[in-house]
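Trainee: Numbers 0 to 136, taken from numbering that gives the first Met the number 0, label the letters of the sequence shown in order.
These are computed hints drawn from the structure, not numbers from a lab.
Warning: the hint list may mix true and false statements.
[Said to hold, decoys possible] Straight-line distance between alpha carbons at most 20 Å, and here's what the computed DMTMM-like set of lysine to aspartate or glutamate pairs gives:
#, residue 1, residue 2
1, K31, E103
2, K31, D85
3, K54, D67
4, K31, D78
5, K54, E103
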Amino acid sequence: MEMCRTCQLSNLICVCGLAANDNCARDSGFIKLPHDPVLASQSAVRRCAMAYRSKGLSRCAVLNYLTDAFVGFNGIAVDAAGRRIDVAEIEVDEVFRTDNDPSERWISDFLRTGVAIPKRTMVQMAAGAFTGAPGDK
């Protein structure tokens, strides 16, 4: 088995390896988030919006899809600094502030970002939840 030259861990669990745009090419059970500025970039937001838009999900279905993905994820997720994220503890409604906007209209704005830039992005809010940035919960 190949070992990482930096952290001396197996390439399957290495936290310093580069993740492809769609996570780690070596292991689909490993997710390494990029740094916050990358997550918040217009290109990342647009790409994410296009991916969700292509699924044809309603506003509520987007949150249900994410909840199912978080609950069903059995792999390892780390932030850009290599800190492990407990995906099972992520509360989608809290992260996406559904108590502040029960209609979830901002999700419609987000899904339109394949064409136009949104006022508020889901990726920016999610990045804050993963990294624990102050004021993002």
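Trainee: Taking the hints in turn, state whether each one holds.
Mentor: Verification of the hints:
1. K31 x E103: It is violated: about 27 Å lies between the C-alpha atoms, which goes past 20 Å.
2. K31 x D85: holds (13 Å)
3. K54 x D67: holds (15 Å)
4. K31 x D78: Measuring from Cα to Cα gives roughly 6 Å; hence the hint holds.
5. K54 x E103: Judged against 20 Å, a Cα distance of about 17 Å means the pair holds.
Checked against the numbered hints above, the structure breaks only hint 1 and satisfies the rest.
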